[in-house]
Amino acid sequence: MIRNLPPKVRTDLKRAKRLEWWTLAWMSSVVVVMWLVMGSSQAMKAALVEDVLSLIPAIVFLVASHYEAKPPTAGFPFGFERVHSLASLIAAVALTAVGAFLLYESASTLIKQEHPTIAPISVFGRDIWLGWVMVAALVYSVIPPVILGHIKQPIARRLQDEVLDTDAMMQRADWMTGLAGIGGVLGVGLGYWWADALAAGLISLSIVHDGVTSLRVATAELVDGAPRALGKNEIADDARKLIASLESRYPGALIKLRETGRYIHAEVSGVVPDSSVNLKEVWPGDEERSWRLVQISFVPPRVDRSPEPTAPEDRALPKQRARRTRPAIGARAKRR
Amino acid sequence: MRLVALSLLLAGGCSDIPQDPDGTLRRIRSEQKFRVGTVARSAPASEQEIAFLQRVERAAGARASIESGAAESLLLKLEEDQLDLVLGEFHAKTPWSAQVTFVPPAEKQAGSDTKIVVSAAAKNGENAWISLLHAEAEVLGGRP
Numbered sequence: 009m010i011r012n013l014p015p016k017v018r019t020d021l022k023r024a025k026r027l028e029w030w031t032l033a034w035m036s037s038v039v040v041v042m043w044l045v046m047g048s049s050q051a052m053k054a055a056l057v058e059d060v061l062s063l064i065p066a067i068v069f070l071v072a073s074h075y076e077a078k079p080p081t082a083g084f085p086f087g088f089e090r091v092h093s094l095a096s097l098i099a100a101v102a103l104t105a106v107g108a109f110l111l112y113e114s115a116s117t118l119i120k121q122e123h124p125t126i127a128p129i130s131v132f133g134r135d136i137w138l139g140w141v142m143v144a145a146l147v148y149s150v151i152p153p154v155i156l157g158h159i160k161q162p163i164a165r166r167l168q169d170e171v172l173d174t175d176a177m178m179q180r181a182d183w184m185t186g187l188a189g190i191g192g193v194l195g196v197g198l199g200y201w202w203a204d205a206l207a208a209g210l211i212s213l214s215i216v217h218d219g220v221t222s223l224r225v226a227t228a229e230l231v232d233g234a235p236r237a238l239g240k241n242e243i244a245d246d247a248r249k250l251i252a253s254l255e256s257r258y259p260g261a262l263i264k265l266r267e268t269g270r271y272i273h274a275e276v277s278g279v280v281p282d283s284s285v286n287l288k289e290v291w292p293g294d295e296e297r298s299w300r301l302v303q304i305s306f307v308p309p310r311v312d313r314s315p316e317p318t319a320p321e322d323r324a325l326p327k328q329r330a331r332r333t334r335p336a337i338g339a340r341a342k343r344r
Numbered sequence: 070m071r072l073v074a075l076s077l078l079l080a081g082g083c084s085d086i087p088q089d090p091d092g093t094l095r096r097i098r099s100e101q102k103f104r105v106g107t108v109a110r111s112a113p114a115s116e117q118e119i120a121f122l123q124r125v126e127r128a129a130g131a132r133a134s135i136e137s138g139a140a141e142s143l144l145l146k147l148e149e150d151q152l153d154l155v156l157g158e159f160h161a162k163t164p165w166s167a168q169v170t171f172v173p174p175a176e177k178q179a180g181s182d183t184k185i186v187v188s189a190a191a192k193n194g195e196n197a198w199i200s201l202l203h204a205e206a207e208v209l210g211g212r213p
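Going down the list, the sequences are from chains A and B. Taking the numbering used here, I'd label the letters of the first sequence as residues 9 to 344. Taking the numbering used here, I'd label the letters of the second sequence as residues 70 to 213.
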């Protein structure tokens, strides 16, 4: 379910989808080129795997956006906003596992001192050392993602989209993979057999780093953590400001925020709820970003009573009794 | 002018690539000798094998010193740096293809009814030496 997003944000969302389709097309061409010239180079193999893995965030974004647009159902009354987080978690686990495996392979190659063979190939009757073709492929593999990453990042920030931001960050950093790969291949060409495995190890480390970052962010959202800044494990700035705004509006209340997808839900405990709340008024700072806050739930102050136990089960099950006497969730303010 | 000088320097540097980590080709050129193991079999060496060795001798500016033996022991010697080249018949799917480099690759030479192919094996990673063998491999059944 896409909530009442401002037209600008909706346009950004459409543009992001288009960019992810472009990403899939360009990165598929990179994967094919890299696979054709990979040879037995470990660095090329690691770079190829990273390129294949870079398709995952784009696919995750497109799948999640498809589900996000779906209305809630009886089975899923809160909609599908969290599909993003679930999909990122799956992608992050895959990223970390593959990165760790490649790291193990590189370390094992270094320990066993396996010397990589990069033989020449015949192109139109002329012999060319495959290393030069690999370098050309690596240069090509860097250009589309770096450009796409630069275009996507500001959109990801405006959309507050974790998957898109992770994708953009990974792509912007792709030049390091290319450089490491080129270093590895040229190192082998200069007679340094270890350069290839070392470059593969560095690329694997970057894959593991990407995976662990995504894992931490996706986990934070799935366990109802406070809204995080994009690509970081710190609390987002707008979430801090929102807490301060709610604290000044409801002194003495306990304020809790959580994030579902790109939206923030607030819970205000220990105060008598207002009859109605204008969410735009509550939102601090940039009004254009007020769409982020979609719900405030109130938990009124607890009223402690000491009822006389009347039935045997009341004596036997004090926990159940306590649950029955707890006040119900109070007024809810919703944008819709 | 500086750009031209830089380009010439780069081109000069590129001509030295690839190099061998263990310096096989440099040693062969300085000693003017390379050590070849030919896989023992009942039939004498084929014309293509002789032609290949002659071409490698010319290209490397060195003479081949040949010994004969079983494929396994020769390939072990190749791995341990006691040989520079092993020449003979190998199965197209020889398990040795991970440990040594076949020029031309044995599996690429195999046809639907050809399982045994003539190929030359070199130590993995000696890329300058392998490049030289590759350039002369046409007589063994086409360039890889």
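Just so you know, the hints here were simulated from the structure itself, not pulled from any lab data. The beta-carbon is built from N, C-alpha and C at its ideal position, and this holds for glycine as well. Errors might be hidden in some of the hints.
Partial list, computed: chain B residues near chain A (C-beta under 8 Å) [said to hold, decoys possible]:
#	residue
1	S99
2	A140
3	S142
4	L145
5	V187
6	G194
7	H203
8	A204
Results of checking the hints against the structure:
{"no.": "1", "hint": "S99", "in the structure": "violated (16 Å)"}
{"no.": "2", "hint": "A140", "in the structure": "violated (19 Å)"}
{"no.": "3", "hint": "S142", "in the structure": "violated (21 Å)"}
{"no.": "4", "hint": "L145", "in the structure": "violated (16 Å)"}
{"no.": "5", "hint": "V187", "in the structure": "violated (18 Å)"}
{"no.": "6", "hint": "G194", "in the structure": "holds (2 Å)"}
{"no.": "7", "hint": "H203", "in the structure": "holds (5 Å)"}
{"no.": "8", "hint": "A204", "in the structure": "holds (6 Å)"}
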